[in-house]
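**Q** As a plain string of letters, each chain reads:
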Amino acid sequence: MATKAAKELPKEEFILPGTRSCAACGLMLTYRHSLKALDPGKTIVAVPASCMTVLHGVYPITPVKVICVNNPFAATGAAASGIVAGLKATGKAGYTVVAFAGDGGTYDIGIQSLSGALERGTDFMYVCYDNEGYMNTGTQRSSASPAGAVTTTTPILAKLQHKKDMLRIVEAHRIPYVATASPSFPLDLYDKVRKAKEIKGSRYIEVHAPCPPGWGFPNKDLIKMGKLAADTAVHVLYEIVDGKFRLTSRSLRLAEKGGKKTVADYVKGQTRFKKITEGQIQALQEFTDRRWYEFMERHQNGRS
Amino acid sequence: MKDIRIITANTAAAIAASLCRVQVIAAYPITPQTPVTEELAAMVERGELNAEYLTVESEHSAMASVVAASQMGARVFTASSANGLLYMHEMLHWAAGSRVPVVMACVNRGVGAPWTILNDQQDSISQRDTGWIQLYCRNSQEVLDTLIQAYKIAERVLIPVMVCYDGFVLSHASTPVEAPVVEDVDKFLPPCPIFTGISEGSYMNLNPLILSEPRQDAEGNLRPGYMDLRYKLQEDLISSLEIIKETDREFEAVFGRSWGGPVWSYRMEDADHALVSMGSLASECTLAADSLRQQGFRTGVVGVRAYRPFPAEALCKALQGVQTVAVFEKDVSYGYMGAVATDLKAALFERDLRPKVASFVAGLGGRDVRPEQLAETAAEAITKRSAHKWIDVRG
Numbered sequence: 140m141a142t143k144a145a146k147e148l149p150k151e152e153f154i155l156p157g158t159r160s161c162a163a164c165g166l167m168l169t170y171r172h173s174l175k176a177l178d179p180g181k182t183i184v185a186v187p188a189s190c191m192t193v194l195h196g197v198y199p200i201t202p203v204k205v206i207c208v209n210n211p212f213a214a215t216g217a218a219a220s221g222i223v224a225g226l227k228a229t230g231k232a233g234y235t236v237v238a239f240a241g242d243g244g245t246y247d248i249g250i251q252s253l254s255g256a257l258e259r260g261t262d263f264m265y266v267c268y269d270n271e272g273y274m275n276t277g278t279q280r281s282s283a284s285p286a287g288a289v290t291t292t293t294p295i296l297a298k299l300q301h302k303k304d305m306l307r308i309v310e311a312h313r314i315p316y317v318a319t320a321s322p323s324f325p326l327d328l329y330d331k332v333r334k335a336k337e338i339k340g341s342r343y344i345e346v347h348a349p350c351p352p353g354w355g356f357p358n359k360d361l362i363k364m365g366k367l368a369a370d371t372a373v374h375v376l377y378e379i380v381d382g383k384f385r386l387t388s389r390s391l392r393l394a395e396k397g398g399k400k401t402v403a404d405y406v407k408g409q410t411r412f413k414k415i416t417e418g419q420i421q422a423l424q425e426f427t428d429r430r431w432y433e434f435m436e437r438h439q440n441g442r443s
Numbered sequence: 116m117k118d119i120r121i122i123t124a125n126t127a128a129a130i131a132a133s134l135c136r137v138q139v140i141a142a143y144p145i146t147p148q149t150p151v152t153e154e155l156a157a158m159v160e161r162g163e164l165n166a167e168y169l170t171v172e173s174e175h176s177a178m179a180s181v182v183a184a185s186q187m188g189a190r191v192f193t194a195s196s197a198n199g200l201l202y203m204h205e206m207l208h209w210a211a212g213s214r215v216p217v218v219m220a221c222v223n224r225g226v227g228a229p230w231t232i233l234n235d236q237q238d239s240i241s242q243r244d245t246g247w248i249q250l251y252c253r254n255s256q257e258v259l260d261t262l263i264q265a266y267k268i269a270e271r272v273l274i275p276v277m278v279c280y281d282g283f284v285l286s287h288a289s290t291p292v293e294a295p296v297v298e299d300v301d302k303f304l305p306p307c308p309i310f311t312g313i314s315e316g317s318y319m320n321l322n323p324l325i326l327s328e329p330r331q332d333a334e335g336n337l338r339p340g341y342m343d344l345r346y347k348l349q350e351d352l353i354s355s356l357e358i359i360k361e362t363d364r365e366f367e368a369v370f371g372r373s374w375g376g377p378v379w380s381y382r383m384e385d386a387d388h389a390l391v392s393m394g395s396l397a398s399e400c401t402l403a404a405d406s407l408r409q410q411g412f413r414t415g416v417v418g419v420r421a422y423r424p425f426p427a428e429a430l431c432k433a434l435q436g437v438q439t440v441a442v443f444e445k446d447v448s449y450g451y452m453g454a455v456a457t458d459l460k461a462a463l464f465e466r467d468l469r470p471k472v473a474s475f476v477a478g479l480g481g482r483d484v485r486p487e488q489l490a491e492t493a494a495e496a497i498t499k500r501s502a503h504k505w506i507d508v509r510g
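Residue numbers (the working numbering), protein chains in the order written: chain A, 140 to 443; chain B, 116 to 510.
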């Protein structure tokens, strides 16, 4: 059953005032809605060194009402596997183990342990909050940063390569559930986390998490930026259940009714694209269109 | 009737882990550790051992997953060697800092490059400063017994323990080993205590970000800062020397075998000279000591069983009144000398003991070390001014 209105979401908050995340943090909103979809009393979260570590606060005070196990940067998939095995071995039933890692911890340094965990069919959920760079350390380039973005390690030329297609890599593990989401579409995000919670085996959700300080847009535009990403098909909302692909939420409406905006509309509101050339915008448009048509085709075929 | 089996140290290690009823095993294959993990995997698949076995994709992940499983309250085991152990390095620090009672076997092997699969102790010596307890074994029986002791020590002090034994020399050599009965092990080793607060509705944040200064919690109690937590680890490591000794005594009471605690001695009662070593090389030193005695040098052996925490007091006591100390080891602190020799000299200096101390590096990358060579080298150290050198090396 799809959630129809924000007022249907649980009222209880699991992130209390006092988090150390930046104002208008895309991750913070993602985490807020995700925890509502989970049962935080029976959830164990695995977190690598990342913005999430900062969000979880400085010992001995945490603003988050959930058990959180921190692990080194590369180890998230393995730490989650160990938590699952440890709970099983000691007879603690009914817990959902959820890893929350950023794009650096997923696309780059964490890809090996994630792949291992997925290949073994570990019974856990992995949420990648993709803010398209190493934001915690000050906006360095990651393999998830889009082409044309200025980062502190691509300061002059801007990033030359397109974003890595991590979702395809995850999908290649043939796990039962893969989805994308956005905090700008909280009902879709909530429903996907809730659905993933009930599925056995490895589940992967990638959330596009806009980052005002890293991307260079005003805090007030957080939701707008996430929506614009969907409206331009830079970020496409979909889910793949047991190999069956379907577009969801805004992306579904975009496929059905058209009205896709241009990449130029998306990049102009972000200072990270201040050096992007016409040619790079053109290339980014083509890259985005190619993906979008693939997704529409897969949606029509109803399978991968 | 005693259950004596002709087995390798690797098999002895697998039997020990199984007797300790480990609940989660994660391992990645590397020579010469592989048979340990293969045998455990078979025990799990046959249903003889009720454990979760994670066939992880790297050693980093092996240690990461056993640390996390241990945080859930499970008794865990892993094993590695050489470059695999080095690949775990970050997680070894993490395990000790997390204060989890992880126990692992290190099947000692030389570190690449260049590649060698054969034995020395450079791998575990290079993990010296990770905050782990390191115990070195002389033979397969000691491997089996020390692993059982290791769980008791680790779970008591909440510090991980690495049980080290020499690759191929012990790991692949079959010798008679007495396998304890499981009832005795159960008597010696109670079930793994659950030390975390994993429970419904808990907001526990394990290994969070910690500032340098102590801070108040929500109830106004002062909680330690980073340095205070690290100091506690150091203090607990030092005091674990006593627990290592005590555990060995408790073990002897149940099984009738003692391995000497942190330090053991051989023919030291009247000795003027001592050979100091670890692992199987220390066993070999006993043969060299016998032959030195035949040559008229009253020589004994002091074996280092616990390398970390370093048993400075016990070693100095054992070496009291000795004129010459020849340290033989299969490792080197590159740019200086053998690690054990360095540590031992510091310990002696602190206690105003001034024997001649010579550091001898031997057997790197599996180069054969014969007792005659040890005796010859030690005789040189006794009769001439001692020199630091590598034995049987062509420069």
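Calculated from the structure, these hints are not laboratory results.
A hint or two may mislead.
[Said to hold, decoys possible] Some but not every residue of chain A turned toward chain B, in silico, with C-beta under 10 Å:
#1 Met140
#2 Ala141
#3 Pro156
#4 Ser160
#5 Ala162
#6 Ala163
#7 Ala176
#8 Leu177
#9 Gly221
#10 Ile222
#11 Gln251
#12 Arg259
#13 Leu326
[As the list claims (entries may be wrong)] Within a straight-line C-alpha distance of at most 30 Å, the following computed DSSO-like cross-link-like pairs (lysine-lysine) qualify:
#14 A:Lys231 to B:Lys302
#15 A:Lys339 to A:Lys227
#16 B:Lys117 to B:Lys347
#17 A:Lys400 to A:Lys143
#18 A:Lys227 to B:Lys302
#19 A:Lys204 to B:Lys432
#20 A:Lys414 to A:Lys399
#21 A:Lys334 to A:Lys396
#22 A:Lys414 to A:Lys146
Built from N, CA and C at the ideal position, the CB exists for glycine as well.
**Q** Each hint needs a verdict: does it hold in this structure or not?
**A** Structure-based check of all given hints:
Annotation: A:Met140 was flagged as interfacial toward chain B, and the flag is violated, the nearest CB pair being 27 Å apart, outside 10 Å. Checking A:Ala141 against chain B by beta carbon gives a least distance of about 29 Å; that is not within 10 Å, so the hint is violated. For the restraint placing A:Pro156 at the interface with chain B, the shortest Cβ-Cβ distance is roughly 13 Å, beyond the 10 Å limit, so the hint is violated. Hint status for A:Ser160: violated, given a least beta-carbon distance of 13 Å to chain B, over 10 Å.
For A:Ala162, the suggested interface contact is broken, since its CB lies about 20 Å from the closest CB of chain B, more than 10 Å. This hint is violated: A:Ala163 has a C-beta 22 Å from the nearest C-beta of chain B, more than the 10 Å allowed. Interface restraint check for A:Ala176: the shortest CB-CB distance to chain B comes to about 18 Å, outside 10 Å, so the restraint is violated. For A:Leu177, the suggested interface contact is broken, since its CB lies about 14 Å from the closest CB of chain B, more than 10 Å.
At its closest, the beta carbon of A:Gly221 sits 3 Å from a beta carbon of chain B; the interface hint therefore holds under the 10 Å criterion. The beta carbon of A:Ile222 is positioned within 10 Å of a beta carbon in chain B (closest approach about 5 Å), and the interface hint is therefore held. Because the closest C-beta pair between A:Gln251 and chain B is about 6 Å apart, less than 10 Å, the hint holds. For A:Arg259, the suggested interface contact is upheld, since its CB lies about 7 Å from the closest CB of chain B, less than 10 Å.
Interface restraint check: A:Leu326 against chain B, minimum CB-CB distance 27 Å, threshold 10 Å, status violated. The suggested pairing of A:Lys231 with B:Lys302 holds, with an alpha-carbon distance near 25 Å, which does not exceed 30 Å. A C-alpha spacing of about 14 Å is found between A:Lys339 and A:Lys227, which places the hinted pair at or below 30 Å, so the restraint holds. Distance check on the hinted pair: B:Lys117 and B:Lys347 sit about 42 Å apart at the alpha-carbon level, beyond 30 Å; violated.
Of the supplied pair hints, the one linking A:Lys400 and A:Lys143 holds, its CA atoms being roughly 25 Å apart against a limit of 30 Å. Straight-line distance between C-alpha atoms of A:Lys227 and B:Lys302 comes to about 25 Å, which keeps the hinted pair within the 30 Å bound. A distance of roughly 53 Å separates the Cα atoms of A:Lys204 and B:Lys432; the hinted pair therefore is violated under the 30 Å criterion. For the proposed pair A:Lys414 and A:Lys399, the alpha carbon gap of about 24 Å is at most 30 Å, so the pair holds.
Only pairs whose Cα atoms come within 30 Å are accepted, and A:Lys334 paired with A:Lys396 is accepted, the gap being roughly 26 Å. The suggested pairing of A:Lys414 with A:Lys146 is violated, with an alpha-carbon distance near 42 Å, which exceeds 30 Å.
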